[in-house]
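Participant: Listed below, chain by chain, are the residues.
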Amino acid sequence: KNQVEQSPQSLIILEGKNCTLQCNYTVSPFSNLRWYKQDTGRGPVSLTIMTFSENTKSNGRYTATLDADTKQSSLHITASQLSDSASYICVVTDNTNAGKSTFGDGTTLTVKP
Amino acid sequence: DAGVIQSPRHEVTEMGQEVTLRCKPISGHNSLFWYRQTMMRGLELLIYFNNNVPIDDSGMPEDRFSAKMPNASFSTLKIQPSEPRDSAVYFCASSFIQGIGNEQFFGPGTRLTVL
Chain A
1 KNQVEQSPQS LIILEGKNCT LQCNYTVSPF SNLRWYKQDT GRGPVSLTIM
51 TFSENTKSNG RYTATLDADT KQSSLHITAS QLSDSASYIC VVTDNTNAGK
101 STFGDGTTLT VKP
Chain B
1 DAGVIQSPRH EVTEMGQEVT LRCKPISGHN SLFWYRQTMM RGLELLIYFN
51 NNVPIDDSGM PEDRFSAKMP NASFSTLKIQ PSEPRDSAVY FCASSFIQGI
101 GNEQFFGPGT RLTVL
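Chains as they are written, first to last, in the working numbering: chain A, 1 to 113; chain B, 1 to 115.
Derived from the structure by calculation, the hints contain no laboratory data. Just so you know, not all the hints are guaranteed correct.
Said to hold, decoys possible - Using C-beta positions, here's what the derived DEER-type ranges look like:
#1 54/A <-> 70/B: 20 to 26 Å
#2 81/A <-> 58/B: 47 to 53 Å
#3 81/A <-> 81/B: 42 to 48 Å
#4 53/B <-> 18/A: 41 to 47 Å
#5 82/A <-> 59/B: 31 to 37 Å
#6 58/B <-> 17/A: 39 to 45 Å
Stated by the list, open to error - Which chain B residues stay away from chain A? Per the calculated CB distances, all over 10 Å, these:
#7 11
#8 15
#9 22
#10 26
#11 63
#12 85
#13 88
Said to hold, decoys possible - Below are the BS3-like pairs computed for lysine-lysine, each with C-alpha atoms no more than 25 Å apart in a straight line:
#14 1/A <-> 112/A
#15 24/B <-> 68/B
#16 57/A <-> 17/A
#17 100/A <-> 24/B
#18 112/A <-> 17/A
#19 68/B <-> 100/A
#20 112/A <-> 71/A
#21 100/A <-> 78/B
#22 71/A <-> 1/A
What you are looking at is a predicted structure, and each value in this text was computed from that prediction instead of being measured. Just so you know, even glycine gets a beta-carbon here, dropped at the ideal spot from N, CA and C.
Next comes chain A alone, as it looks inside the complex:
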């Protein structure tokens, strides 16, 4: 069964600090991995999309990495801001005709002043 596991479940950091969120998956065959940011009361918004051949992708202060061999991804947030407080969801899509996506449970990040 395809699974996506994220850690930690929640994280509290001080404004200006860096943090790293983890995502491990068992989805196969692999097509792509996406990181979403979901603010409270809003729909998820895509941060990065990575395919098999991509190791790193950045979007401003967000940098995602992918190790397709170990089936691990990380999302690194640099110089955190209060607006980074949100839930971060890892989504992995398989490479079958249906292109089924498996969602992680998310990491809730709280940035405190």
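On the provided structure of chain A, position chain B as indicated by the hints.
Facilitator: Quick look at chain B alone, frame taken from chain A:
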């Protein structure tokens, strides 16, 4: 572009009533997804359409749930009869399937409360 539009934004109803959630995808997108999000179960895919045709409805909880997409610009998710355990935020998302790496754009969601 206004993005994905969902209505209503909030719905409170009594157990046993019929509930209809509506979604207008982004113009030009050819895939539409319905999700349900709860604290306990996170984000779950209920059903998705490609070119107005249901492709995978394995996430639809039971026969009380049904979804339609009569045309490329409109979809509905209906719950009949509704139950308290259906209380959740329901998201609609759309994307343009173009090879791999297609990004889904989510609507603001409909918060459903069944009393």
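Participant: Taking the hints in turn, state whether each one holds.
Facilitator: We went through each hint and held it up to the structure:
Our hint of 20 to 26 Å for residue 54/A and residue 70/B is violated, since their Cβ atoms are close to 38 Å apart. The supplied range of 47 to 53 Å is broken by residue 81/A and residue 58/B, whose beta-carbon atoms lie about 39 Å from each other. About 45 Å separates the C-beta atoms of residue 81/A and residue 81/B, a value consistent with the hinted range of 42 to 48 Å. Distance hint check for residue 53/B and residue 18/A: the Cβ-Cβ separation is about 45 Å, which falls inside the suggested range of 41 to 47 Å.
The hinted range of 31 to 37 Å is satisfied by residue 82/A and residue 59/B, whose Cβ atoms lie roughly 35 Å apart. As the Cβ distance of residue 58/B to residue 17/A is approximately 41 Å, the hint placing it in 39 to 45 Å holds. Residue 11/B, annotated as away from the interface, keeps every beta carbon of chain A farther than 10 Å; the closest lies near 15 Å. No beta-carbon of chain A comes within 10 Å of the beta-carbon of residue 15/B; the shortest separation is about 25 Å.
For residue 22/B, the shortest C-beta to C-beta distance to chain A comes to about 15 Å, beyond the 10 Å cut-off, and the non-interface label holds. With a minimum CB-CB distance of about 13 Å to chain A, residue 26/B clears the 10 Å threshold, and the non-interface call stands. For residue 63/B, the shortest C-beta to C-beta distance to chain A comes to about 22 Å, beyond the 10 Å cut-off, and the non-interface label holds. Listed as a non-interface residue, residue 85/B keeps its Cβ farther than 10 Å from every Cβ of chain A; the least gap is roughly 19 Å.
Every C-beta of chain A lies more than 10 Å from that of residue 88/B, the closest at about 13 Å, which supports listing it as non-interface. Restraint check for residue 1/A and residue 112/A: not satisfied, since their Cα atoms lie roughly 37 Å apart, outside the 25 Å limit. Straight-line distance between C-alpha atoms of residue 24/B and residue 68/B comes to about 12 Å, which keeps the hinted pair within the 25 Å bound. This hinted pair checks out: residue 57/A and residue 17/A have alpha carbons roughly 20 Å apart, not beyond 25 Å.
Between residue 100/A and residue 24/B, the direct Cα distance comes to roughly 22 Å. Compliance with the 25 Å bound is thereby established for this hinted pair. For the hint linking residue 112/A to residue 17/A, the alpha-carbon distance of about 10 Å falls within 25 Å, and the restraint holds. The suggested pairing of residue 68/B with residue 100/A holds, with an alpha-carbon distance near 19 Å, which does not exceed 25 Å. Annotation: proposed proximity of residue 112/A to residue 71/A is violated, straight-line Cα distance about 31 Å (limit 25 Å).
For the proposed pair residue 100/A and residue 78/B, the alpha carbon gap of about 23 Å is at most 25 Å, so the pair holds. Between residue 71/A and residue 1/A, the direct Cα distance comes to roughly 15 Å. Compliance with the 25 Å bound is thereby established for this hinted pair.
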